[in-house]
Structures are given as structure tokens and as C-alpha cells.
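Going down the list, the sequences are from chains A and B. Per my numbering, the very first residue in the first sequence carries number 1; after that it's consecutive. Per my numbering, the very first residue in the second sequence carries number 1; after that it's consecutive.
Heads up, a few of these hints could be off.
You can't tell identical chains apart in this list, so a pair holds if it fits in one copy or across any two.
Said to hold, decoys possible - Derived lysine-lysine pairs resembling BS3-like cross-links, with alpha carbons at most 30 Å apart:
| hint | residue 1 | residue 2 |
| --- | --- | --- |
| 1 | LYS241 | LYS293 |
| 2 | LYS361 | LYS269 |
| 3 | LYS330 | LYS241 |
| 4 | LYS265 | LYS350 |
| 5 | LYS151 | LYS41 |
By construction, these hints were calculated from the structure, which means they are not laboratory data. Just so you know, these numbers come straight off a predicted model, no measurement behind them.
Protein chains: 2
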Amino acid sequence: MNLATRRLFSPLKVQTSLSLRTTSTSTSPFARCNSQSTQAKTGIVLMNLGGPETTDKVNIFLNRLFADHEIIPLPFQKFLGPTIANVRTEKVKKLYQSIGGGSPIRKWTTMQGDAMVKYLDEKSPETGPHKYYIAFRYADPLSDEAVLKMKEDGVKRAVAFTQYPQFSCSTTGGSLNELWRALKRNKLEKEFEWSVVDRWPEHPGFIEAVADRINEGLKTIPSEHRDDTILLFSAHSLPIKVINRGDQYVPEVAATIQRVMNHLKFSHKYISTWQSAVGPNWMGPQTVDVVKKLGKRGQKSVLVVPIAFTSDHIETLSEIDIEMAEDAEKAGIEHFRRAPSLNDSPIFSKAMGDIVMEHMKSGVLSSSQYPMRCPGCTNEQCRSIVNPIHHEKPHFRFYDCDCLSLRGHREKIVPHDIIAYLQPLEPPLIPPYFR
Amino acid sequence: MNLATRRLFSPLKVQTSLSLRTTSTSTSPFARCNSQSTQAKTGIVLMNLGGPETTDKVNIFLNRLFADHEIIPLPFQKFLGPTIANVRTEKVKKLYQSIGGGSPIRKWTTMQGDAMVKYLDEKSPETGPHKYYIAFRYADPLSDEAVLKMKEDGVKRAVAFTQYPQFSCSTTGGSLNELWRALKRNKLEKEFEWSVVDRWPEHPGFIEAVADRINEGLKTIPSEHRDDTILLFSAHSLPIKVINRGDQYVPEVAATIQRVMNHLKFSHKYISTWQSAVGPNWMGPQTVDVVKKLGKRGQKSVLVVPIAFTSDHIETLSEIDIEMAEDAEKAGIEHFRRAPSLNDSPIFSKAMGDIVMEHMKSGVLSSSQYPMRCPGCTNEQCRSIVNPIHHEKPHFRFYDCDCLSLRGHREKIVPHDIIAYLQPLEPPLIPPYFR
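Isolated chain A, as found in the complex (with noise of 0.2 Å):
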């Protein structure tokens, strides 16, 4: 497992033909904004992880997480996925119960892709009407739902927009490998022209949006301790195994936070933090630690500044929110808050619309490191775009893959993991040492 969620572990087959009839009768973002069949010019694909929306789907959820060789390579994956799924299935459907009985994802994408495609018809006529289609990696609406309706609504020019502001191969990587696929098993690679908005960790508006939120949550504590207080900047953590094959998200995390930094005129010490790391080797130091020996040393206020996401999710809401506020009371920080997560932020749906409508403008496939498989890279699908738009902009050399492997790839698996994943959610079954 690598971005994905450590709290997010059912023996259950994937069924990825009945979720799907079971949502399109559902409450889908599409039923309520997209109700009508009206043709779009330009469809935008909200690509995310996705969250059970209730806990009788945490199950499910975990199946279709474990599943994933890409991201999460198990031997025997066929048994030993929902094998781990299962084990994990109720104490991760008790966090759901404790955070509202699901995850808000999205209700919150519903709402960002609604102002945004707003946003759009009025600024960017030209390439409107607009239409948004969630698709998530592991909920429902999943990449086939999306490009399903996509077809029906006679949609041409197709954006794959990640919500992940960084890049990584764990995130955006498998979410894009997942949407060319679902392409390929519906028989739709030809029917929509293709580009990618693969990443923007420092797009002035996601900056802007971030830091409003920060100020929002300094205002929640008194203030004789709010120019005091340390802002703990907390990423999801990425094992150091992916890095070192040459992921590059860490280094775009940290980017995001010198510039979010540089907005606030570095008003406020500020460290940047890793959480929800399952098992031994993975990028450090951990949120909670840092929470931990910052109470220890007298720290009486501290800010925690959800960096690496745009909703609310499991780790804000129970392992920040819950978790961690726990181990910071005991720690003896009396003011410990955490910055409330983009949602509806106004600000951030107006950055997401300028983030396409710049995109779209550019003329370009994607990022100029899209295309860079990461050195160590085994999957040959990785980095591609089916049937892309015709580019302009020569120096956009690109695979126009043809490569699609559903079988995704194999890689060295190491004990340890196999081990951490198996282990109930707290305490870690890993003694220290092997850590």
C-alpha cells in the first residue's frame, strides 16, 4: 500500500460491473449535475482515491484497494488481498462509524466540480458547456462509470484532471493507468481526444486557497498563543522503496509548502510531516511523532495543515482530528487544531476552473514530467495517454501508448509490508527493530 489509506483495508470479489449498476441508480454527483443528457464539448474527469460513502461499502472498498498490484503488490493477490481486506474490514468500518458512518469525499467533489464547471461556462465559453465526471480509484463512481456516461453525453474532448496537487505514482500514476483501462474494457479508446492534468503543486490559486484555510484555523486559537503556534504540514507518507525507484512526489509536497509559506510571508514556524505510514521504511518523520515530542518539549499550540489532499477524508477526520488530538492533549499541547481541509473553499473551486482553463489554453498533453517514467519504474503502462488531443507544442515528445497490460507488473515484495498490512490498525504487531 503506498498513498493509499492505512485506515482503508473484504473478502469479497471485486465487482466492479455491480457497483456500477448500483450506483447509476444511485445518488451520483451525475444524477444531480449532469441529470440531463445535454451534449458537453468538454468533459473534465475529477480523478481521486474515493472513500466508502457509507460503512456496508468499507468492505468493497478494501477489496478493490488490496486489489490494486499496482500500488499495493501482494503475492498471491487473488487470496491474499481480500484475505487482508477482511481483516481489516471492521475496525476500519468503527473509524468510519466515528467520523459520520462514511467517508465525505464525495458530497465534496460533487460540490468542487459543480462550482468549477460554473466557473468555466462563464470564463471559458469557447470550449463549453463543460460536464465533470468523478472518477474514483476505489469508490463509486469508478473510471468506468465516468467514461460510460462521458459517451452518452457525446463528449469529444476529454481532460483527466487529478486532485492529488502532487504527483505520484501511488496517486495519479494509478488512478490514469486505471482510466485508460477502463477506456479499453468499454471498447472506448477512440471516442474521446485525451489530455492530462497530471499535476500543480504550486498553482498560485491552490496556494492561495491553502493558506486562507490556514489563517481560518489560526483564528481558532486564542490569540495569545496563535503567533506562537508551529504549523505541522502533514503529507500521506510514501514507503522510501517508491522514492527511491524515483518518485518525485515528496520533493512536490515540499515545493507546496515553500510556497504556501512564501504566501503567509513565513508568519509562522512551520515543519513539514508525514502520516499514516503502514509498516517500517517509510518517508519520516511521522505527524504524530513530531506532535508528540513537540508537547513533550512545552509546545502549547499547534496547527496541523492537511497538505497533500483536497476533502475531508479518514486520516483529517479520524486520525488528525480524533487520533492525534488524543496524543496531543496527552502530550500537554493545549491548543491543537488542524486547518479545515479545501471542501468548499470558494477559492479553491475558482484554482480548480483556472487550472483546466489554463490547460486547455496551453495547448499542451500534460506536464513536461508527465512523460518521465520514474528510473526505476516496471510498469511499461505507466506515463501513458490514449488517444491524445493533437499538441502544438513540438517539444511535448510523448508515448502514445499502446501498451495497455491489465495484468500491471511485478515487483519485489518485501516481508515487512506483507506483515503491516496484515496487523490490526494500532498497535503495530512489528517490533521496533524491524521498523
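Got chain A; can you put chain B on it based on the hints?
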């Protein structure tokens, strides 16, 4: 050993006083640029690692390095430090022989300091006359020499100016702690009023200077391969345990790289890599591994960009230009080049002047980050400033530190590290399993 160099590793006792006496009669930069003891209003201490100017100074250099308990904590340091230094001396001498018989860092720092002072006297006469003083951590001139010369010159206002763009406890942190100890050793704690330029990872002049050197480097690649060149930004690696303590070097290096690429309008594909790791569990991906993998994949042109040091040194002239160039050739890379180090870049020496000038005009003691000790730090001396200037900006609360311990701190030693230090430079003695 942290950011100190793996190539740099004598059974002699550390001879601070002896070396001081030796160099005070040698070709010190002061002998050239500060030959007359004219009064200086502002003294600027240029802090860096330093390197042996001639091969007969390798032994004393390595002794100092392995006696540094703050950076390379060893058990029985007084015995084991000299032993390790001894084991490595002959090998390191050969490395310096291969790059012309010694480190050029003093030459470049002298040129940079001369140009900076000239610029400052012209642009900021109200704080002049300015003088610079080199304070190397392990080579002459040491901090003791710098502060004694400052006293002789009548300096009152002093700026400790790190020559490491990005802050790490292993580099700037150790140099500052040593500067404060040198003041104490020489009973000069109340002689100067200090402020600190402790980091400048995103200074526009520095970014422009690096971008300019990249463009120079690209010109050495045949035009038909120039656009296809991958930029490998390479910084000295850091042990994961230092990163987990909360050291912010990795995110600051990443911030520099992102600024440089912004300046270059993302003209090329690029990747952040880390060189000179000693033993297992250091930040990656390793530059040499990336070079080999890119070559294997068919990449024909690569430009390595040193991003964390401002002058040539053994890691650029030997590790990149000789060792990696051989690996690159074997891997099939036809055009393996390095962007020239900043060395005598006029853009860079102007940037140095601007950094000091902006710092003095701001009236701050340091960056807002400097006072924040790493959450996992056990060294009470860290982040202190001896006899700081009166600071106008009230939000800069500061440790006016009176806790200068000469004993350094204690931390857990991992046996891997000692094995790594004791091994000859290549090949490693450590079984891959432990890496």
C-alpha cells in the same frame, strides 16, 4: 556522518591550535583581501565545510571530521574517530590527487567573498566598510581564526552567513554551533553583535545563478540531443534518521529545485536525486543509481546539476565528473555532462551581496525557522545565537543561548553506520540485505 562527505575521511589528534598557527602565516584569504587590518564596520562570516587544499592536509581534515560528535556521533569517539580517519586517508588522498591535488573550495570562497564585499561597499555604504571572514568546519581557516581576525579588525556588527543554501543541522547547524563555541574558546562572546543568515533556498539571485549554469551546461550537449536532456538535480544525501528527527534539508532542497525549474519554464524533464550516501538508510534515489537506470532505458543525454553546494568540491569534481561519468558511459549515456558549479558566477556573488544586504535591512536576527529546533533534537546548543543584535521585529522570539556545551550531545549509534564509516570507499562491505 551526515552531510559531511563520504569521500572525506587520520589517526592524529585534532590540532586546532597547531593548524591555526600554521595557517595564520599561510596564504589565508585574509592575507590577500584583508591584508591591512583596516577597521571593518560589518564582518560577514562565510561558513562552509571546507576541504584539504593539498593532499598532506587530508589527514588532519578527516581527523576533524570524525571528531565532530554533533555530526558523526561515534562510541569511543576519541579512539574510533582517528581510526576511521586513518583507514580512509590514503584512499581520500588519491581522490584529491585525481582532481588536481586538493580542494578548490578556499579559492572559490575567496573569489566569492571579494566580489560580495565589493558589491556591498558600493550598494550599502551605510553598513560598510564590509569584510568577509571564511570559517570552514574541518579545514583552515577554522572559526577560531575567523573570530580572532574579526577582533583584530575591530568588527562590532557580525553576520554569520551560511554558504549552504538549504538548512541542515548537519551542515549550517553544526557550523553555527562551532562558531559560537569558537567565540567561547577565545573569550569573545561579548565582542560582536550577531545575526544569522541561516538559509536562502529560494533567493531569486541564487535561483537565477543556478539556472544560468544549467544553460551553460546544456550548451555542451550537441544541439540535436539538447532538448531531450534530463536534468538530474543532485544534492548530498542525508541519513533517514536525521530526516526523521525533523531536519528540513530535504524539503528545502526540493523547494530550490522547483524554483529553478520555474525559472527555466520547465524546459526539460528533471528529477531530484541524492548523492554520496554512506551505508544504508540514506535519502534516495541515489544519483548514481538513477544515472545507471536512465542509461539502461536508452537515455542518451543527462546533465547533473549540483544543487546544495555553491563551489566545486570532491563530490562534483571526482564523484560526478570521474566516477559517475564512467558509470554513465558503461550504461550507454552518450552525453553525460555537469552544470558548472557556481564558483565565480558573477550572478551568484551579486546574489550573495543581495542576501546580506536584504538581511541587514530587514533587522531580523535570522529566518523565522532558525529558532525551531528539530522536534527530535537532543542537542541543547542547537539554534542558539551568541550576543544577538537588538532585534526590532518582536515576532522573532529567540533563544539567547547561554548553554554552550563543548561536549556535544549523545544519541543512539547504529552499528551499520560504524561499519559504513570503516569500509573503504567502494565497494561497500555491507551486505545488501542490511541496506
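Looking back at the hints listed earlier, which ones does the structure fail to meet? none
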